[in-house]
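Trainee: Sequence:
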Amino acid sequence: MDMDIFTLELFEIAGAEDARCARREEESDSDDDDDDDNSDGDDVVMNWAEGVATTERGWEGKGGQATGEMRLPMPGSAGASWAAYRARFKAVFNGADPAVLVAFWLFGLINNVIYVIILSAALDLVGPNIPKGVVLLADVMPSFLTKLVAPYFIHRVPYSVRILSFVLLSSSGMLLIALTPPTAEGGSVTIKMIGVIISSLSSGGGELSFLGLTHYYGPFSLAAWGSGTGGAGLVGAGLYVLLTTTIGFTVQNSLLASAFLPLIMAISFFLILPQEPLKFARQKKEYRTIPGDEGADDEDLPTESLLRDTTGSTGLLDSTPVSAPTFRQNLRRAKSLFFPYMLPLLLVYIAEYSINQGVAPTLLFPLPSTPFTDFRSFYPFYNFLYQIGVFVARSSTPFIRIRALYLPSMLQVVNLMVLISHAMYNWIPSVYLVFMIIFWEGLLGGAVYVNTFADILEEVPEEDREFSLGATSVSDSGGICIAGFIGMALEVSLCNWQVNRGRTFCKQL
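Last residue of the sequence shown: 508 (numbering that gives the first Met the number 0), numbering continuous.
Just so you know, the hints here were simulated from the structure itself, not pulled from any lab data.
Careful, some of the hints might be misleading.
Stated by the list, open to error - Pairs of lysine to aspartate or glutamate residues, derived as DMTMM-like cross-links and limited to a Cα-Cα distance of at most 25 Å, are as follows:
1. Lys506 <-> Asp96
2. Lys146 <-> Asp373
3. Lys146 <-> Asp454
4. Lys334 <-> Glu462
5. Lys506 <-> Asp373
6. Lys278 <-> Asp96
7. Lys278 <-> Asp373
8. Lys278 <-> Asp463
9. Lys334 <-> Glu457
10. Lys334 <-> Asp463
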């Protein structure tokens with residue numbers, strides 16, 4: 000019976016698509032009568048834009064709302080089969096350009112992987128006597144400030160120049176971190192933190208620019224970007240553990256190898272990513288700035304949403320002044336977002352990053368009872384487990400949706416309390432139980448993040464959606480910054496507590 004329903008749904012999808020194709024052909028015939036003078040190059044670009052629009056329609060659910068859910072059969076149910084899964088995936092990704100998917104996945108991966116590697120190497124960068132929260136703040140604050148300031152001027156910089164700048168900044172920062180010798184008490188740490196700040200500037204500007212770039216490539220590019228950022232946590236933490244613990248590279252050589260990763264962003268942009276949408280955007284801007292037509296053009300240029308318009312609007316290339324009424328309206332929108340979306344995301348980030356930067360460095364066990372040979376290995380492995388949980392959760396929305404965002408946020412706060420109590424009283428009998436808690440922590444954090452933005456896409460009116468997504472993203476950056484200050488105080492206090500009671504592991508890192 001389930002297979003019959005599934006087959007029926009496929010026929011309905013096919014019928015709807017045939018109807019769309021017929022309408023598009025009629026529209027195309029009508030347009031051809033008026034546009035016979037277009038050049039062949041323009042036709043190629045317009046065909047690309049039409050393909051992006053078709054892709055966007057493929058993501059639409061009931062009422063034209065983008066749902067992002069594939070409604071896959073539950074494993075073990077009567078309708079579950081490899082054929083069913085393949086058909087659903089094929090239907091969802093119909094019209095996606097593999098080059099766009101690969102390019103944006105690599106953008107998300109590389110832009111965020113440096114951030115993760117730096118956090119994974121926090122202990123090696125500053126040593127046991129300086130709180131790891133210092134690294135977190137140096138890795139987050141410049142990126143956060145960049146995202147606050149850059150939108151007002153970065154649209155004037157071509158994307159090609161931006162990409163090259165981000166590659167240069169990110170690689171330079173990592174080289175500065177890796178090549179700074181561990182000499183001159185305190186001085187080497189300061190220089191390394193300057194390198195972290197430089198890399199953070201690149202990460203913040205990259206995130207802002209790549210999200211803006213999705214405006215020209217449709218919703219599949221946004222999905223690929225999100226998947227890449229989730230994979231960055233896993234790849235970054237895993238790569239650092241692999242290089243330092245498994246292969247046995249020194250910290251310096253591991254960071255030197257990581258300094259060449261940003262080159263992949265340049266390769267993705269200049270060699271993999273199709274350039275037609277950007278050419279189309281430049282052409283539209285040239286048409287809009289023809290002398291003598293300013294008055295007519297001004298009336299015909301509606302402001303489109305970043306997530307809604309993917310057919311070639313110049314988006315970030317144009318500069319639109321913000322009026323006072325719009326600013327007041329956005330303040331009212333932000334207030335309405337605080338309790339349903341911002342607060343649970345803020346809470347979960349404060350709790351999980353307080354664990355990662357303040358508590359995890361003190362979760363140490365006698366080496367004979369662990370799989371490690373030195374205490375330094377605990378911290379990067381905890382981070383690796385956490386990133387696995389985050390990646391799994393961020394990839395789960397097609398299969399599992401969580402509507403009650405406060406529940407996982409409160410469970411994350413419980414995780415924080417449990418691990419603080421263990422750091423103080425040493426009551427968890429095995430490190431493997433701590434491994435499970437850290438993995439669970441990653442699942443909760445990733446679930447709140449991805450379901451918060453999925454809820455906004457489904458529940459917020461379309462005209463408010465772009466602002467709502469951007470405004471709510473402040474919560475994760477704000478939560479990380481708050482956790483950085485909490486983590487610095489927490490790590491020092493917990494380590495001193497342990498030392499005063501005869502547990503000196505945290506001083507042997």
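Trainee: All hints are to be evaluated individually against the structure, with a verdict given for each.
Mentor: Hints versus structure:
| no. | hint | result |
| --- | --- | --- |
| 1 | Lys506 <-> Asp96 | 52 Å, violated |
| 2 | Lys146 <-> Asp373 | 39 Å, violated |
| 3 | Lys146 <-> Asp454 | 23 Å, holds |
| 4 | Lys334 <-> Glu462 | 17 Å, holds |
| 5 | Lys506 <-> Asp373 | 12 Å, holds |
| 6 | Lys278 <-> Asp96 | 17 Å, holds |
| 7 | Lys278 <-> Asp373 | 55 Å, violated |
| 8 | Lys278 <-> Asp463 | 28 Å, violated |
| 9 | Lys334 <-> Glu457 | 19 Å, holds |
| 10 | Lys334 <-> Asp463 | 13 Å, holds |
Checked against the numbered hints given earlier, the structure breaks hints 1, 2, 7 and 8 and satisfies all the rest.
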